[in-house]
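Based on these hints, arrange chains B and C on the given structure of chain A.
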Amino acid sequence: MRPIPLAENSAKFVADKGHEGHFDAKLWMIRQKRDAMARTIPEWEELRDLASAIKEHTLSNLVHYLETFEASAKRNGAVVHWARDAKEHNEIVHGILKDRGATTLIKSKSMLTEECDTRPYLESRGIVVTETDLGERIQQLDHEPPAHIVGPAHQKTTADVAKLFAREYGSDPASREPTYLANVMREHTRPLILEASAGLTGANFAVAETGAIVTVTNEGNADLSGNAPKIRICSVGIEKIIPRNEHLAVFVRILTPSATGKRITQYTSHFLGPRQGGEMHIVLVDNGRSARLGMEKFWTALKCIRCGACLDTCPVFRRSGGLSYESTYAGPIGMVLMPALDAHRYREFPKASTLNGSCTNVCPVKINLHEQIYEWREVMEKKGEKPFVEKILMNAAGRLLSHPGAYRAASQAANAFVRILPRWAVYNPFNTWGRQREMPAPASETFHEWYRKNRKHRGK
Amino acid sequence: MGAREEILDNVRKNQPCGRDLPAVPMFHREGRPVTETFAAALKTMAGETIERPPSDFAEFLQRRFPAAKNICSAVPEFPGGKKPLDFPDWASPAAIDVTVVRSPLGVAETGSVLLSEKELGVNTIAFLAHDIIVLLDPKRIVENIHDAYAHPAFRDSNYAVLLTGPSGTADVGGIVVHPAQAVTTMTVIFWPES
Amino acid sequence: MRVGLMIPCYVDVFYPEVGIATLELLEKLGVEVEYPFDQTCCGQPMANSGYAGDARATEELLVRNFAKFEYVVIPSGSCAHHIRNKMTAAAATPERDHVRSRTFDLVEFLHDVLRASEFPWAEFPRRVAVHTSCSAIRGLHEESMSERVHDAEFSKPKSLLRKVKGLEIAEFDRADECCGFGGTFAVNEEAVSVKMGVDKLDFVAKGRADCVVSSDMSCLMHLQGCAKRLGRNLSFLHIAQVLNGPRA
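Chains as they are written, first to last, in the numbering used here: chain A, 1 to 460; chain B, 1 to 194; chain C, 1 to 248.
Worth flagging that the hints you see were computed from the coordinates, not collected in a lab.
There may be inaccurate statements among the hints.
Listed below are several chain A residues computed to face chain B (Cβ distance under 10 Å; list not exhaustive) [claimed, not checked]:
no.	residue
1	9
2	26
3	50
4	58
5	59
6	67
7	68
8	71
9	79
10	81
11	166
12	219
13	399
Only pairs whose alpha carbons sit at most 27 Å apart, straight line, appear in this in silico DSSO-like list of lysine-lysine [unchecked claim]:
no.	chain 1	residue 1	chain 2	residue 2
14	B	13	A	297
15	C	28	C	165
16	A	453	C	68
17	C	68	A	12
18	A	366	B	83
19	A	26	C	28
20	C	228	A	17
21	A	74	A	230
22	A	382	B	13
23	B	13	A	303
24	A	26	A	366
25	A	366	A	297
26	B	118	A	74
27	A	33	C	28
28	B	43	A	33
29	C	28	A	453
30	A	230	B	43
31	A	26	A	230
32	A	383	B	13
33	C	28	A	456
34	C	28	C	68
35	A	456	C	68
36	A	230	B	13
37	A	297	A	33
38	A	230	B	83
39	A	98	A	87
40	A	87	B	13
Values in this document were obtained by computation on a predicted structure and should not be read as measured data.
Ideal Cβ placement from N, Cα and C applies to all residues, glycine included.
Okay, chain A solo, but in the shape it has when bound:
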């Protein structure tokens, strides 16, 4: 597959001033709310340390915890399935529905099901799938993927949503009232929830000791999806396991403040077994996770609890727009996850960062995001995923800058001042810098020359 033209997509988004300004302001506001909530929790940094350590312990003992979880879940009466990849996951979910003649499915938000492209798979096989998360439903109706891990419709203004609902539901296109629009969705989705034959949720956490699947929502849509129908299916990435309820407490305290700046979501839900007269199926999914576990520099990205804080703080993501990435995961966490799946397709990702490090500071599980992005650049170079011209120029730069005489000769040639840019600006066409910025003015002499004239004779 062709490389995603991230820079090109981002440039288009930046040019859309209304949407870019709205997206940037909205996400920065969430970042500020996160800061305010963290300030009310004196042990915030200690919670981060604990969350990180619990995840690292679990991931480094994952076989034990997976086996423990499976045994606990089975004891509770759940059926546990295992899926090596997206295809197997989708086949298992479809199989469960098909075997029971279920043709309507409601689901809550799950990034794993986005990864697996589950909805299109099911829809093409005659299953009617209704997203119950408002943001996901908005994107579903508009045939767009989620633009943000936590708020799938964050890129849309209230006006955009009103226009969409007017088109789909005949509601008022001029409305700018979120309450009105949320009600429109509620009214249209409630009947679909009540009639659905099966419900699919993801998992924020899976507790090994108890076999519980934990979901965290503001709307209660996972609770509806998991309780209204008799068939309850939970899609769980194998990295979601944590040991015991006492560890779950740490994550419940740190997730929502990081994600939205609230202390907790309205619904923190624990599904351990089927409802009376019902069935519960848990699908444990690998899809590249076990392979990532073996990557020395990148396995800690598996600690991710999908809070979206790195997206909200990232100054590049806020101005690029989530959809520019054309990938399941975007922003800092996307930069660190996606290249492992397809280095060629995601070759631009590690470059689209200033390595400023804000993401690493907000990550509740202390993934060293900006350092992993840096490491990916080296991996890309080793894999040959670098533009030919850049490779030539970097090589030339490396040779010039290691030979003082040649370097001085080059930098001191009077009219070479204008042409010899700092090396990092040379690696793409000269005028890219100059598109919207003035070039630095060439100096009449370099520092070297000044020093030689004014100080060197003093024997220093």
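Same frame as chain A, now just chains B and C:
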């Protein structure tokens, strides 16, 4: 090789060398009475706390929800209305106007109450109803989430939820609005158990 | 103390006055400074783009030039961060590790090592927006980080600038948000880079500053480029130039 064996095999091959599991402190601190913290926290999530039981519960419900016809009560404090197990299927609680239920645990830090199928009988009475009233004995309020997770419901129930305020969403406009998919209002009444 | 002065390659070529101000400032503070004449660059441009192999020889030249010094001072947060925290393309030798651990950004050297308490030769009666690079903040901890809400607030560059007569520090929003330079990013993601720069300038303007001062000319090169193209009336100075005062 089946999927399970292959996955576990790959994980076994790749998992890094063992990191220690940290001990988790309880993070208790000196502070206000738990009832005060609870009410303040619930308020930030658009839930309301009533500090003592109304003298006439039926009259209270009538005044608060004048249009309500269908009450579902899971508690002896309100003997009228339907019982949870009266609902033939889990979708029919959509007809409920007000659910009245008792919670065995409150969490002061977050303003949350615990509800499980033990209290609910039919879980959907907590979401499909238009409004919910939760009775909570103030003696059952613990300080924080660490305390809460010691409760056996999180090990023994098929379903348990920490409920904090009415359903909301910030997916349009960025500010939380109510309701989203579930209840429109949520009220906790501090009501000692008899 | 033997102090070696390192001048970033882009300062050498485009902003020699910053190098001169750095040298003069250190001398005014009684420091004997040597400038190894055969220095070129810290290797960051290649390393940051993933070309460790191409950075190796440049980094090893740096090690050879500076191994003999007790302190290595460079007027650049991003170069100092690269050298101290990332310079691993050069072969691992005691000399390399010595140079890495002894390299300081000018602000760090003034604040932590010299503990400079006054700059009597300097006067700067203007409203200054202090821009500290992400490398200097999150790499060198020259300032507290806004994400870490429980850390005590501090800023080494600001505490130095507060000692300059007449200087007024202008606060502005999103002060530690990245300016958008980011090395190759400035060209690879030109549109987003410029938007970040222009947004920074807008926040600075709202803070009513008439001058932006930084310990990193790379950020200023980018911001100045954006400002000039937009016709914004704003000066950009390296902190060395402010602390050094008018040239003798």
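Okay, the hints, checked on the actual structure:
1. 9: The hint is violated - residue 9(A) has no Cβ within 10 Å of chain B, the shortest such distance being about 23 Å.
2. 26: At about 5 Å, which falls below the 10 Å cut-off, the nearest Cβ of chain B leaves the hint on residue 26(A) intact, so it holds.
3. 50: 6 Å, holds
4. 58: Constraint on residue 58(A) satisfied, holds at 8 Å.
5. 59: 7 Å, holds
6. 67: Since chain B brings a Cβ to about 7 Å from residue 67(A), closer than 10 Å, the hint holds.
7. 68: 12 Å, violated
8. 71: The hint is violated - residue 71(A) has no Cβ within 10 Å of chain B, the shortest such distance being about 13 Å.
9. 79: 13 Å, violated
10. 81: 8 Å, holds
11. 166: Hint on residue 166(A): violated, closest Cβ of chain B at ~14 Å, above 10 Å.
12. 219: 4 Å, holds
13. 399: Cβ of residue 399(A) sits 38 Å from chain B, so the hint is violated.
14. 13(B) - 297(A): Within the cut-off at roughly 16 Å; holds.
15. 28(C) - 165(C): Given that 27 Å is the threshold and the Cα spacing comes to 17 Å, the pair holds.
16. 453(A) - 68(C): 24 Å, holds
17. 68(C) - 12(A): With Cα atoms ~51 Å apart, residue 68(C) and residue 12(A) exceed 27 Å; violated.
18. 366(A) - 83(B): 48 Å, violated
19. 26(A) - 28(C): Not OK: residue 26(A) and residue 28(C) at ~49 Å, beyond 27 Å, violated.
20. 228(C) - 17(A): Holds, at roughly 21 Å.
21. 74(A) - 230(A): With a Cα-Cα distance of about 18 Å, the restraint between residue 74(A) and residue 230(A) holds, given a limit of 27 Å.
22. 382(A) - 13(B): Holds, at about 25 Å.
23. 13(B) - 303(A): 19 Å, holds
24. 26(A) - 366(A): 24 Å, holds
25. 366(A) - 297(A): Holds, because 14 Å separates the two Cα atoms, which is no more than 27 Å.
26. 118(B) - 74(A): Cα-Cα ~21 Å, so holds.
27. 33(A) - 28(C): 46 Å, violated
28. 43(B) - 33(A): Answer holds: residue 43(B) to residue 33(A) is near 17 Å, not above 27 Å.
29. 28(C) - 453(A): 20 Å, holds
30. 230(A) - 43(B): 34 Å, violated
31. 26(A) - 230(A): Not OK: residue 26(A) and residue 230(A) at ~38 Å, beyond 27 Å, violated.
32. 383(A) - 13(B): Between residue 383(A) and residue 13(B) the Cα gap is close to 24 Å, so the pair holds against 27 Å.
33. 28(C) - 456(A): 18 Å, holds
34. 28(C) - 68(C): 23 Å, holds
35. 456(A) - 68(C): 19 Å, holds
36. 230(A) - 13(B): 38 Å, violated
37. 297(A) - 33(A): 31 Å, violated
38. 230(A) - 83(B): 20 Å, holds
39. 98(A) - 87(A): Between residue 98(A) and residue 87(A) the Cα gap is close to 16 Å, so the pair holds against 27 Å.
40. 87(A) - 13(B): Satisfied, since the Cα-Cα distance of roughly 23 Å is no more than 27 Å.
Figure legend: structure checked against the earlier numbered hints; hints not met, in rising order: 1, 7, 8, 9, 11, 13, 17, 18, 19, 27, 30, 31, 36, 37.
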